Amino acid sequence: MRLKLPVTCLILEIILIILFGTLVQYNYETDASEWHNQTSSDYENDFYYRYASFQDVHVMIFIGFGFLMTFLQRYGFSSVGFNFLIAAFALQWATLMQGFFHGFHGGKIHVGVESMINADFCTGAVLISFGAVLGKTSPVQLLIMAMFEVTLFAVNEYVVLSVLGAKDAGGSMTIHTFGAYFGLMVTRVLYRPNLDKSKHRNSSVYHSDLFAMIGTLYLWMFWPSFNSAVTAHGDDQHRTAMNTYYSLAACTLSSYAMSAITAHDGKLDMVHIQNAALAGGVAVGTAGEMMLTPFGSMIVGFLAGTISVLGYKYLSPVLEDKLKIQDTCGINNLHGMPGILGAIVGAVTAATATMEIYGKGMEDVFPLVADGTFTASDQAIRQAISLAVTLGIALLGGLIVGFILKLPLFGAPPDTICFEDSIYWEVPGEEPSHEEQLTVVRTAETEKLNN
Amino acid sequence: MRLKLPVTCLILEIILIILFGTLVQYNYETDASEWHNQTSSDYENDFYYRYASFQDVHVMIFIGFGFLMTFLQRYGFSSVGFNFLIAAFALQWATLMQGFFHGFHGGKIHVGVESMINADFCTGAVLISFGAVLGKTSPVQLLIMAMFEVTLFAVNEYVVLSVLGAKDAGGSMTIHTFGAYFGLMVTRVLYRPNLDKSKHRNSSVYHSDLFAMIGTLYLWMFWPSFNSAVTAHGDDQHRTAMNTYYSLAACTLSSYAMSAITAHDGKLDMVHIQNAALAGGVAVGTAGEMMLTPFGSMIVGFLAGTISVLGYKYLSPVLEDKLKIQDTCGINNLHGMPGILGAIVGAVTAATATMEIYGKGMEDVFPLVADGTFTASDQAIRQAISLAVTLGIALLGGLIVGFILKLPLFGAPPDTICFEDSIYWEVPGEEPSHEEQLTVVRTAETEKLNN
Amino acid sequence: MRLKLPVTCLILEIILIILFGTLVQYNYETDASEWHNQTSSDYENDFYYRYASFQDVHVMIFIGFGFLMTFLQRYGFSSVGFNFLIAAFALQWATLMQGFFHGFHGGKIHVGVESMINADFCTGAVLISFGAVLGKTSPVQLLIMAMFEVTLFAVNEYVVLSVLGAKDAGGSMTIHTFGAYFGLMVTRVLYRPNLDKSKHRNSSVYHSDLFAMIGTLYLWMFWPSFNSAVTAHGDDQHRTAMNTYYSLAACTLSSYAMSAITAHDGKLDMVHIQNAALAGGVAVGTAGEMMLTPFGSMIVGFLAGTISVLGYKYLSPVLEDKLKIQDTCGINNLHGMPGILGAIVGAVTAATATMEIYGKGMEDVFPLVADGTFTASDQAIRQAISLAVTLGIALLGGLIVGFILKLPLFGAPPDTICFEDSIYWEVPGEEPSHEEQLTVVRTAETEKLNN
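Chains E, W and G supply the protein sequences, listed in that same order.
Quick note: the first sequence uses the working numbering, first residue 60, plus one each step.
Quick note: the second sequence uses the working numbering, first residue 60, plus one each step.
Quick note: the third sequence uses the working numbering, first residue 60, plus one each step.
There's no promise every hint is true.
Identical chains blur together in the list; that is why a pair holds if it fits in one copy or across any two.
Straight line, CA to CA, 25 Å or less: simulated SDA-like cross-link-like pairs of lysine to any residue [as the list claims (entries may be wrong)]:
#, residue 1, residue 2
1, Lys381, Thr98
2, Lys63, Glu422
3, Lys63, His323
4, Lys372, Ile73
5, Lys326, Arg247
6, Lys419, Ile77
7, Lys258, Gly488
8, Lys258, Ser481
9, Lys63, Ile320
10, Lys326, Ile70
11, Lys372, Glu485
Because the hints were derived from the structure by calculation, they are not lab data.
It should be emphasised that the depicted structure is a prediction, and the values quoted were computed from it without experimental measurement.
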């Protein structure tokens, strides 16, 4: 056991380095010679259009997802630490996998800020799945899961965006629906009938809920950047960010309302606030770049928050009891159902696209409609098929990967010590004892008197 | 009681959605058809001038204000959670109210990144007022307060900026002075003679002070973006950010100095560091875009930090004892007095504006001086009148809204359980018990031995 | 003692204000008159190329360094609070010192966003040194150290960049190597043979390690902005950010691997994760802007993480026992050795520069090679000499400043109360007692029943 994690990390990283050495090149915007060979001004370098958004996305991946999962009382190191590890691995692997499918030029993968954003996006899907198995999987299992999931993500993304021609800039389908149903299937396969032996640790304490709110708020604040990070320059990025902003604001109010109304005593539940308030970002991941209008965005956000809280309250217990799906973070409620809602909203919004509404902007939003390949209805159908494809690949992939992760060689924790940092980390105590604090203060006072 | 919060949230959000559906439209920079109808390059879209600043402001509103208020030992969920709720509501309502007064085109409110920033700004004023009543008001009271305060904010902003022609890009007057004196008047009206029954909870613990420092530092770091977010493109944004940076740095040193010098034993007080060190940002909110110079900015920051600490130390107790103003966060010291200082500095700096100093840049900073409508002295007088108007509307508005909030139907907490999360939230325990931790570790060791 | 800190702060700030009044001016991009006198478009103002990077750097300085050091159980206020104080002082002083050496125009220092970034960079070096003496120095000592270190930093930077013509955009040499060896020499001179009297406080608790992870992650996420903040516009900024991104990702995997492999029981150590995972950013500080390729960046990051963990595990105890270097945060492992590695990588990468690889981009990366002043080998030699010069100035400077700090008038804490907040701060208790919590809840329930 002692060597499994380091050996896995070292082998994976060495493979990555070799493949990068063989396959990866600067694109023309990061290559000193090529950029200076052309006539664009420096301010037209894509860096200035997308880097600020990239950094926001980066914060969502490492702080947002990492701290959102620190709500568990004794799993903070693992939540933020394994999130860090698998994200650092996944973004490298994603660069290669996504490069194979849509960044290949003359046998080389060309990289720049857009590939960095896409790698972070793919990583996001892995971290969503992580939420379902949180506390019940070893870091080696997580790295193996990440390796397979990134690969399947790239396949699904290729089919949805390149083969089917669907639009999904913020990833309602490719990121959220995919990550959620993949993770739910994995956790189903890894079902633990005796998980209640660790039940007392599967809950929060006061401070861990505050740490989790750091994650929630960064996800919430930067979601407009997430959805707009890879949309077309100009009005598209601008509109997508704004639609997401309004969707999230409306979602927050419906989440608070539903949280209080479904509680027997009217008290708010931190689980809902930490999670459901984000569903509005998920649900405009597909349609955010379209002419959804602030009005439409707010309706979508309102519905997403409502569905999400209801899911946490009524559906999650049923999934666990009847379908044996132990979903630690409730990713079905935050990413799964809102992702499906987002896909449907995307299809409906695409169906209503007209030249009157989009003008020449149609080329950016629906290029295949603009050039006459599709009608708006065709586009809508492609969007709907993409949802089905995504669900299919996610569920099938999760099934297979779940069984791979069951192999005993990856070292899953026993049922009695799930949700517990101390099996993976050197863990210090909780607090200096009260007596020591008093001693300390008294010592300090005495010293001062002596001076 | 159980239904008041959800019903309020749902009604408000439904009204917002209906009004957005009726009144709100994309502006020409977010509309696919309109943006592509004109000849600007994509990099001229206002998104690229302002979106990074918007995100910084957004972090200040949700993380900055939210975590700054987590200093209370038992009110962290409410601080960060109600901050989240009322901000999400206020930014939607502000979009409408500000739109009525200065974004109306042919019966429609046009929205884009600048309206998003302005909505966040208006939200900031509400959150300042929240600081005065923190721990003593129910979330329903806060939503009602936000609704009225946003409306009055928009009226005052319209009078100051559009009618009087004053400049106030960072909102020393419109945001900080307004939010502070509105909040102080509300808390005066809501005076609780028996608040000392909750006194033991109106203080910090070690970790809550560290959480609060997250809020402080984000406010401090991003204040240059706040003050420059809506100034004119080019040198104006650049200069405003830099002036604010220097003002804050100087303010930090004077805050530390005054905190130690006013303590009986020379020890620093976290309350001063968390709050007074920010006063430098408030105090250059008006003059930051002017040719204040780094030198001038540092003097202003130095004074603001000094005044602020002295206010916390000597003025706040007097306000509470003599004027019955119970100001939980000391907003008079962080936003009130530094806001007034900022307004005065703005007026003085405007009075000294000459064509020699500003050149053609006068058109950006003082357009009404540049086109000959005003002299620099006229501008200064307008600035001074704006301060008086702001104080008048804030105090009168706070008075009326305070009485509205006193109506028993909004469910204020009793005097004995102020500053306490558990009446609004499902609150978990503080820490896993020491015994349980030991058990856990022992179990882990045993399991390992058995493997 | 009571007056030393405030008097020091006030004197320093007043001197700063006077010097700023005498010497500092807006540069042409922040001056209203000058900017409007020229024909550039607003989007060409350097603000839009660098301000987002500046803000990321700013977050690294105040949140990143500040929270990274909160890992100590009883020194969180001082870690984040003194970091705040000395950074606010150092950035002002650095503006002057760096201005003297390379921003002087007609007797005036011209300031804008680039000087702000450079001031923050210089501040970073001071905060690195702070890490070595953390817990063992008074704030007055720290301010005095900052004053001298900033001055020497500016001298060294001038010699390295301007006299020798070396390149070091991300500061592997000028920031990390300099800050580390300066700090190590200071802590050597301040050696405390009886420091084990405070040993029980020189460690973390569970929550303090989570706070420290906030610092770690912000440093990790924004390091691409740090290294690219002052490189040339266009491909250079773009490439530097990307190289850093890949270096850090590879570094994270090698850090986790080495942490687990060097532990007797295979458990991960938070100290390594918090620190070593960042070494990849340090080690591409010089070569990041060069055509290092993602492949090269990943190799460098991999090595940096490995070296850093090995340093924490095996070298730090030796340095403390044999060389009497008490390095609280292990800055030799995070900044020292990876900084030297970065300098070497920079020299090697420079040696291999050809016109074929760089094309016209050579003018940005190696202007003195492009114009024929140097060959690539000359450049490499200049890079190597710069490392030696940096080490020399840092060690000699640290020696002298260490002895200055030993003067009794700056009030160092006694050996028995190092790593302890309560001698500088009013410190509240750790947690509300369990009994009080129960009382509170019971009161709440009773009140509700009575309503």
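So which of the earlier hints does this model not fit? 1, 2, 5 and 6
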